[in-house]
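Spelled out, the chains give:
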Amino acid sequence: MAVAAPLDPTAAAPRRRGGRERFLVAAVFLTPALILLGALVVWPIVATVVASFRDGTGDEFVGLDNYRAMFDEPRILKAIRNNLIWVAVVPAVVTAIGLVFAVLSERLTYQRAFRTAVFMPMAISLVAGGVIWRVVYEQAPERGLLNAGIDVVAEVFDPPGEYAGALPSQGVTPLEGGFVAEQPVEPGGIVSLGLIGIPPQQVPESAEPGRMPTPAADEVAGVVHRDFTPGGAGERGVLDPTELGLPGMKVDLRDEQGTTVKSAITADDGSFHLRQVEPGTYRVAMASSNFDAPFAGIAWLGPSLILPAVMAAYVWIWAGFAMMVLAAGLSAIPREVLEAARVDGASEWQTFRRVTVPLLAPEMAVVFVTLVIYVLKVFDIVLVVAPPEVQTEANVIALEMWRTAFGARNEGLGSAVAVLLFVLVLPVMVLNLRRFRAERG
Amino acid sequence: MTASLRRLLALLCVLALAAAGCGDDDDGDNGAAPTGGGGDDLEVPTNVGGSMEVSAVWSGEEQAAFKQVLDAFTARTGTTVTFTSTGDDIATALRTRLAGGSPPDVAILPQPGLLRDLAGQNALQPIEEAAGRAIDRNWADDWRTLGTVNNQLYGLFYKAANKSTVWYNVGAFRTAGVEPPETFDELMRIAGTIRDSGIPPFSIGGGDGWVLTDLFENIYIRQAGPEKYDQLTTHDIPWTDPSVKEALRTMARVLDPALVNGSAVSTTFVQSVDNVFKKPPAAAMVIEGDFVPGVATVPAEPETDYNVFDFPSVGGSDPMVVGGGDAVVMMKDTPQARAFLTFLTTAEAAEIWARQGGFASPNKAVDEAAYANAIQRRNALALANAETFRFDMSDLAPAAFGGTVGRGEWAILQDLARNPGNVDAVATALEQAAAAAYAE
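So the sequences go chain by chain: Z and L.
Using the numbering used here, the letters of the first sequence correspond one by one to residues 1044 to 1484.
Using the numbering used here, the letters of the second sequence correspond one by one to residues 176 to 615.
Simulated from the structure, these hints should not be mistaken for laboratory data.
Since the model is a prediction, treat every value here as computed from it, not as a measurement.
Please note that the accuracy of each hint is not assured.
Chain L side only, calculated, beta carbon under 7 Å to chain Z, not exhaustive [unchecked claim]:
id, residue
1, Val232
2, Gly235
3, Thr271
4, Leu273
5, Ala274
6, Gly275
7, Gly352
8, Asp371
9, Ile374
10, Gly382
For every residue, glycine included, the Cβ atom is placed at its ideal position computed from N, Cα and C.
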């Protein structure tokens, strides 16, 4: 560069000074930096490599045993596999989302507000971002934001039954999401349907002590009751004196083919009458609509969804970074080029695809390569978002290294995992350095 | 002001070691103080003077409570005590001090493994003369064994934790009409009744692996006995031993999904406590140690909202306690350190902290009226009166097996919680993991 030329040390040094003196000056200026680099970068790398050839306590030389153990351990293989998925998915997704946000927000009236909002997550640490997402992903709808949202919609389309969670007592068996009396019944007969597992606060306040009605000749009558007496004292399958009837229960009369022929709703004392029944043999059932379970929440933090869940949280944090870099690149694209394309009749999509994207390629490469490096080293967000019991499912190399070296106190194996991570990051770093040099050239 | 004046006087006493008259000043204050409970066999000397340093992991509230114990010691002996909190990693802190040649006079160790290590490195001084007789008189035999290395007594267990407790929601028990059980069979019977009443009986924080190891240990020590417990702790018997499988089968009965609120492995320990302490409760019982009320994030009153019972007897077992404890060790044999050890064997030293809560002493001589509330009292009494006490097994095992997230016992017992049927596979996996971890 032109400005740098007069500051060039070789040019600045008077010609007649000897090479020895120049060497000394260089040495004096370089030594502090070299000492720092040596102590903080080179020495730890060397020490880690050395430790990776020693046993867990660092006392004995074990050759390649740690590396062999590493590739035999399914947990570590899983971590490597997960890291590869991270590298394959996250940088591409972040770059794509950043590009879309950058291009679209160009046209926005409130461009600055939008970009600030998207960039905001970058201002908090990955740990804090992780904590936020941990709460968002909680399974119970009363705790997790995401499931709470789904719950609101689910309740509209599929309201939960009043007696969700009830269990059958003696003489009652599960059937198609509801329950059915085991004993068949004929017109003029009575049925007692006992349910347990219903907490007192779930019983409607209007409930009265259960009462067995008397049927007419062409009726099937009965009672649905909470078959529980404190201390478990009452007799199972029998309506004991203090037991409450369960009001509002939909009761079906099913014929021998299983077709519902009559229905009724229980009264406050749990009694019901199914009237004008043809002669025959029937069974009395409680419909599944009474027992529909409330939305239990999607297990975002469960073993099968944890990997994409953590990656989504990471994308949320980094999308802002990608957008900012690409937006800066976008504003540097000469307007004339875009205008020329439009004048030549290119559609918006064509302009974007053939002009904007190629001109943004260097910035996209910066974002992509930076993310590949960060994603290989990903650690904190996995630790925070993934609950302990699924961390093996979401495991990544850096987390595995930390757990092995500092949790299980096996420094040898931990160092071997660290060396593996180093080796994986190295080619990307080399690529990055080459690109820097090429840009400068 | 008077306290610091007295300290200054004490210091002068030490400077003029031979000055006998100096001591008489203090006698009026301290000489008459009772030695506490069963302390007629060991007198805490007065007029020791000088200064000493004590290191422990305690900080915050615990440090403040212990400070009062230290003040009482200073008031009696005139010895100035400096307290150093080491943070959680006391092993590293003490080893650094040892390497530098200036260990603290007295240290308080939370792990018996560390006591063994330090004794093996000749970093500890025997405390037989300072505390031996008091321990024989007022502590259960197991505590002496825990503090002994190579037939020398090194550790005095001043503070302890009781992990053999079950906490329950009083309202849930009332609704179901059940009473706290004494035997495991009764526990399972009331569990069924509680489920019928409409609430899951158990809340298990299996998301934290150590909750499951504690449950296993409580069942194992009662079903297999303390001898087998010790053998399993040192891995002298394999985890595929029939006694282990039997305990796992018993544990699987508790983990039955029909009896557990939600999924055990996706519930954290804190959530599991809140499930039982909140209104209305989401479960009736949580099986964990005496620290349970301290972690609840919902307001709840002892005795009216929640209460506690001892982990029930399995197959007629005697009262036993699994737990933890803090061992006081002497790193420098000085008169001050000896006086301090003797002081900590007195009931008075324990009662000072007991009054402030969050404390249980294994010392049988401690006046039960000193404990902050009825619940702490009964947990502490269960601890002091238990004939058998064992340290938490997983805390004594190599960390790779008994103390790391996603590994060893923690992870494998979570598999049992997910699928309580596969006891044999779980035992085999435990043995494999233990064999690898103990070999290192």
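Taking the hints in turn, this is what the structure says about them:
| no. | hint | in the structure |
| --- | --- | --- |
| 1 | Val232 | violated, 18 Å |
| 2 | Gly235 | violated, 23 Å |
| 3 | Thr271 | violated, 17 Å |
| 4 | Leu273 | violated, 18 Å |
| 5 | Ala274 | violated, 16 Å |
| 6 | Gly275 | violated, 21 Å |
| 7 | Gly352 | holds, 3 Å |
| 8 | Asp371 | holds, 4 Å |
| 9 | Ile374 | holds, 5 Å |
| 10 | Gly382 | holds, 5 Å |
Comparing the model with each earlier hint shows violations of hints 1, 2, 3, 4, 5, 6; every other hint is respected.
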